[in-house]
Amino acid sequence: MTSPVTFLRNTWYVAATSNEVNDSDFLSRMILGEPVLIYRQQSGVPVAMRDRCPHRFAPLSRGKRQGDSVSCIYHGLSFNAEGQCTHNPHGDGRISERAKVQVFPLVEQAGFIWIWMGAAEQADPSQIVDCSKLLSAKPTAVATTYIHSQSNYQLIADNLMDLTHIDHLHGPLINTHGHLSPQTAEVVELGGSVKSSWQWSGDTIELMRHHLADPEGEVRNTLDVAWHPPAIFMLDLFVYQGEVCVSVEDYHLLTPETATTTHYFFASTRNYNLDDAEYNAQHIAGMRHAFATEDMPVIEAQQLAMGDEELFDLKPLVLPCDTGGVRVRRKLSKMIEAEQTQPLAMVDNR
Amino acid sequence: MTSPVTFLRNTWYVAATSNEVNDSDFLSRMILGEPVLIYRQQSGVPVAMRDRCPHRFAPLSRGKRQGDSVSCIYHGLSFNAEGQCTHNPHGDGRISERAKVQVFPLVEQAGFIWIWMGAAEQADPSQIVDCSKLLSAKPTAVATTYIHSQSNYQLIADNLMDLTHIDHLHGPLINTHGHLSPQTAEVVELGGSVKSSWQWSGDTIELMRHHLADPEGEVRNTLDVAWHPPAIFMLDLFVYQGEVCVSVEDYHLLTPETATTTHYFFASTRNYNLDDAEYNAQHIAGMRHAFATEDMPVIEAQQLAMGDEELFDLKPLVLPCDTGGVRVRRKLSKMIEAEQTQPLAMVDNR
Amino acid sequence: MTSPVTFLRNTWYVAATSNEVNDSDFLSRMILGEPVLIYRQQSGVPVAMRDRCPHRFAPLSRGKRQGDSVSCIYHGLSFNAEGQCTHNPHGDGRISERAKVQVFPLVEQAGFIWIWMGAAEQADPSQIVDCSKLLSAKPTAVATTYIHSQSNYQLIADNLMDLTHIDHLHGPLINTHGHLSPQTAEVVELGGSVKSSWQWSGDTIELMRHHLADPEGEVRNTLDVAWHPPAIFMLDLFVYQGEVCVSVEDYHLLTPETATTTHYFFASTRNYNLDDAEYNAQHIAGMRHAFATEDMPVIEAQQLAMGDEELFDLKPLVLPCDTGGVRVRRKLSKMIEAEQTQPLAMVDNR
Chain A
1 MTSPVTFLRN
11 TWYVAATSNE
21 VNDSDFLSRM
31 ILGEPVLIYR
41 QQSGVPVAMR
51 DRCPHRFAPL
61 SRGKRQGDSV
71 SCIYHGLSFN
81 AEGQCTHNPH
91 GDGRISERAK
101 VQVFPLVEQA
111 GFIWIWMGAA
121 EQADPSQIVD
131 CSKLLSAKPT
141 AVATTYIHSQ
151 SNYQLIADNL
161 MDLTHIDHLH
171 GPLINTHGHL
181 SPQTAEVVEL
191 GGSVKSSWQW
201 SGDTIELMRH
211 HLADPEGEVR
221 NTLDVAWHPP
231 AIFMLDLFVY
241 QGEVCVSVED
251 YHLLTPETAT
261 TTHYFFASTR
271 NYNLDDAEYN
281 AQHIAGMRHA
291 FATEDMPVIE
301 AQQLAMGDEE
311 LFDLKPLVLP
321 CDTGGVRVRR
331 KLSKMIEAEQ
341 TQPLAMVDNR
Chain B
1 MTSPVTFLRN
11 TWYVAATSNE
21 VNDSDFLSRM
31 ILGEPVLIYR
41 QQSGVPVAMR
51 DRCPHRFAPL
61 SRGKRQGDSV
71 SCIYHGLSFN
81 AEGQCTHNPH
91 GDGRISERAK
101 VQVFPLVEQA
111 GFIWIWMGAA
121 EQADPSQIVD
131 CSKLLSAKPT
141 AVATTYIHSQ
151 SNYQLIADNL
161 MDLTHIDHLH
171 GPLINTHGHL
181 SPQTAEVVEL
191 GGSVKSSWQW
201 SGDTIELMRH
211 HLADPEGEVR
221 NTLDVAWHPP
231 AIFMLDLFVY
241 QGEVCVSVED
251 YHLLTPETAT
261 TTHYFFASTR
271 NYNLDDAEYN
281 AQHIAGMRHA
291 FATEDMPVIE
301 AQQLAMGDEE
311 LFDLKPLVLP
321 CDTGGVRVRR
331 KLSKMIEAEQ
341 TQPLAMVDNR
Chain C
1 MTSPVTFLRN
11 TWYVAATSNE
21 VNDSDFLSRM
31 ILGEPVLIYR
41 QQSGVPVAMR
51 DRCPHRFAPL
61 SRGKRQGDSV
71 SCIYHGLSFN
81 AEGQCTHNPH
91 GDGRISERAK
101 VQVFPLVEQA
111 GFIWIWMGAA
121 EQADPSQIVD
131 CSKLLSAKPT
141 AVATTYIHSQ
151 SNYQLIADNL
161 MDLTHIDHLH
171 GPLINTHGHL
181 SPQTAEVVEL
191 GGSVKSSWQW
201 SGDTIELMRH
211 HLADPEGEVR
221 NTLDVAWHPP
231 AIFMLDLFVY
241 QGEVCVSVED
251 YHLLTPETAT
261 TTHYFFASTR
271 NYNLDDAEYN
281 AQHIAGMRHA
291 FATEDMPVIE
301 AQQLAMGDEE
311 LFDLKPLVLP
321 CDTGGVRVRR
331 KLSKMIEAEQ
341 TQPLAMVDNR
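Protein chains in written order, with this note's numbering: chain A, 1 to 350; chain B, 1 to 350; chain C, 1 to 350.
Hints are computed from structural coordinates only; laboratory data are not their basis.
Now the stretches of chain C that chain A is said to cover, found in silico as 3 or more residues with beta-carbon under 8 Å:
| hint | region |
| --- | --- |
| 1 | 166-174 |
| 2 | 178-190 |
| 3 | 297-306 |
Note that the Cβ used here is the ideal one computed from N, Cα and C, for glycine as well.
Go ahead and model the full structure; you've got the sequences and the hints to work with.
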């Protein structure tokens with residue numbers, strides 16, 4: 001289904017977690033409304049191409065691996081990792097100039113495989129959001145997960161930029177017991193990013209309390225969430241008790257599947273229980289459960305209520321807690337508009 | 001999904017049966033294409049409001065009861081039974097002029113909860129169709145039920161105004177054995193209503209026969225169905241045997257859910273077996289079974305065959321039995337058109 | 001759902017296999033987007049009419065058989081096998097000029113029931129594709145089957161006209177081990193039909209090998225597929241070993257259900273094992289399995305990838321193997337266009 005919806009294209013999205021793509025299988029995933037085939041070359045380096053044979057549009061992901069090439073199941077055309085046809089079993093075997101598949105720039109970094117769906121010549125890996133915390137973390141102190149959401153990614157972005165929802169929507173694990181909503185979050189822009197910050201003193205959230213030297217003692221909390229285009233959110237919670245700081249640093253990475261569905265990737269690191277693999281697994285499972293069972297039902301109900309209308313066209317009531325999210329929507333909207341009005345820089349997607 | 005389909009708005013529809021709305025839970029039901037939240041206040045008085053928070057459109061029905069108020073699950077805004085925001089936990093807690101939810105006039109009467117989806121200032125409870133027979137009936141001699149139909153409500157209205165279908169579509173319980181079709185029903189207009197009437201002598205329907213003094217004896221039957229706008233039908237069957245009359249008086253109350261789906265409410269009273277609770281339960285279950293398994297499959301197949309086309313645009317063959325139903329369609333159509341061309345009287349639905 | 005898609009109408013399609021229509025039941029099947037009722041008269045002669053009562057559009061297939069007539073379940077109108085209303089139980093029983101159902105010309109021939117969805121006066125049974133091989137075959141040497149496909153019929157036509165796909169898509173039973181793709185098929189037009197032909201020497205396909213006098217011996221194969229409008233394909237494989245020829249002659253008959261779904265009928269005959277009923281059953285089951293599990297998933301994925309776009313609008317890469325299929329698409333397209341621009345010859349479908 002083609003949609004008039006536009007996405008930011010000249011940017012890096014997460015296409016998959018590293019462990020979703022193994023040595024032998026194909027992964028087929030729709031990204032920005034386009035079917036994408038992802039697989040690892042024999043060197044281990046992943047590659048992504050349009051999951052659609054240029055001959056009769058059969059999905060290449062139904063085909064066969066031949067070394068680093070893909071052979072279409074329907075008529076046997078083979079394409080190498082550059083998307084170039086390398087074998088045409090038909091007639092005299094001549095390979096037409098047009099016998100190629102669009103390849104998407106791909107970078108594997110920090111446990112994720114990043115994809116560039118825009119003009120390939122503009123793809124610069126140095127622009128990938130810095131996830132060095134994930135890279136440097138011990139394997140027992142970092143974990144990633146994936147959730148599929150039946151909602152536009154901007155509804156999830158709103159959710160993440162406005163953390164006051166935690167106290168209303170979430171259960172005891174991460175509830176701050178009302179510390180967030182009364183505050184007007186500090187919203188600052190740093191280069192192209194937008195950051196919302198909250199602070200409170202007294203107790204902390206249940207998730208952190210048990211890792212304090214004195215679980216009943218007084219603490220000071222700082223909570224930040226920073227948006228990086230297109231839809232990457234770094235959420236940091238620091239809990240200070242005396243000289244000691246206990247912290248979690250999380251990444252929420254949103255990739256539009258279609259106008260009304262989203263691939264939601266999540267990674268979490270921390271500075272405590274660093275060698276506890278069992279805790280590590282419990283922690284990521286607990287966070288995933290909270291997002292999937294508490295946030296998603298409400299966000300998906302928002303999507304149903306809004307249909308294909310734009311948020312601002314529905315004239316929502318604006319609250320103080322919306323400042324960060326509205327700022328992100330406006331900036332992203334301008335970036336998409338700027339990209340759309342520069343036709344020369346746009347990729348030919350067919 | 002917004003639809004170009006128009007409904008009569010300045011009128012009373014049944015939103016629910018009284019026993020569908022208990023003391024503690026929320027009922028969320030789409031009416032005329034709009035999500036409506038219905039619940040009882042602590043006084044027992046029911047209230048209805050748009051099931052959509054004005055902030056970010058989360059369904060209020062996912063939220064929490066706080067006395068007579070509703071608190072949105074997503075960001076904690078509270079709304080009282082008048083739809084006014086009474087608590088904003090964010091920032092300085094100021095409550096904007098715009099922080100309100102549309103409330104719909106609601107009246108509980110005769111076992112039903114009636115809703116007015118039009119201009120609230122025009123809502124006059126005295127205009128609710130007189131259901132005093134339901135009110136005055138003994139509890140063991142009145143029953144209500146509900147059927148969800150995958151069809152436009154006017155296809156069900158056609159079905160009810162043309163009772164000749166009974167002999168063709170229905171089984172032995174209510175079949176008249178061919179007495180209806182040969183007659184040209186008498187169709188009269190009484191004020192704003194339209195009534196079709198049939199009469200026959202000899203036997204009666206199986207449902208009534210067993211309640212006659214002489215089940216094999218000669219009787220005279222009168223069968224009436226009266227339409228009241230927008231889609232309320234009062235069906236009376238009187239079976240006379242000598243000086244005695246055995247009767248059932250039924251109400252069919254249709255509320256559009258969407259352009260192609262309907263909430264079908266039904267109530268039945270009678271003048272025999274008045275103290276027989278078991279018969280009462282069997283009677284309503286039997287009627288519900290006939291509608292759900294005999295009428296609905298055909299009406300829903302009609303809907304599929306017609307898609308979103310208007311009945312008259314498809315140039316149906318018109319039979320003598322259609323007189324009442326066509327009269328109702330024409331009158332309702334004029335009422336809707338009149339309402340649509342009086343923009344000042346229309347409610348702002350957003 | 002009405003669709004702007006056009007089909008060739010003045011032509012014969014297979015509506016059903018003979019054994020799908022028994023002596024007592026109704027068959028309701030959508031053909032070219034229209035619901036069609038098919039049943040056998042008491043003489044055994046099948047009849048087809050629009051499966052939609054002209055009164056209120058209830059499906060006639062929900063009604064009752066009365067001799068050779070159909071009585072509508074909703075209001076009891078009866079229609080004879082000519083589609084003429086013969087009984088109106090309503091009022092004075094007068095039968096309107098307009099009380100008729102469109103009847104479609106129908107011919108039973110060679111195990112199939114053929115339907116003409118165009119202008120009835122142009123329906124000439126002598127134009128039905130010659131299937132005399134099916135007629136003359138022993139009952140133990142001919143079999144038919146049916147597959148429902150979630151794809152436009154032209155995608156299946158492409159599949160059949162380009163048999164090089166066999167070596168890439170299909171398993172060991174019918175794989176030629178690479179003999180087809182290197183050849184440029186000979187494509188010839190014969191009257192209104194288009195035929196693609198391949199030849200090879202050496203071995204043959206597994207399906208045929210076991211029926212040779214010397215299964216390991218050298219053979220010569222000829223493989224032809226001939227398209228007849230609208231979407232009938234005769235596929236012949238002849239395997240020559242010395243003086244002896246072992247052959248299968250198959251019919252693939254495609255009938256559009258809607259723009260994106262197809263009724264796929266298949267019949268197979270052969271010149272070996274003529275009296276082996278068990279082999280006959282295994283053979284048709286094996287072929288059906290290959291089409292349903294190997295071809296259909298890819299063809300249905302093509303349909304999903306293409307949505308409602310036309311093949312050539314998507315600028316497919318054209319390979320030597322496409323010659324026959326492209327020729328068929330162009331000829332069919334011209335026939336449909338010619339028919340559409342002759343409005344006088346077109347049937348009134350309402």
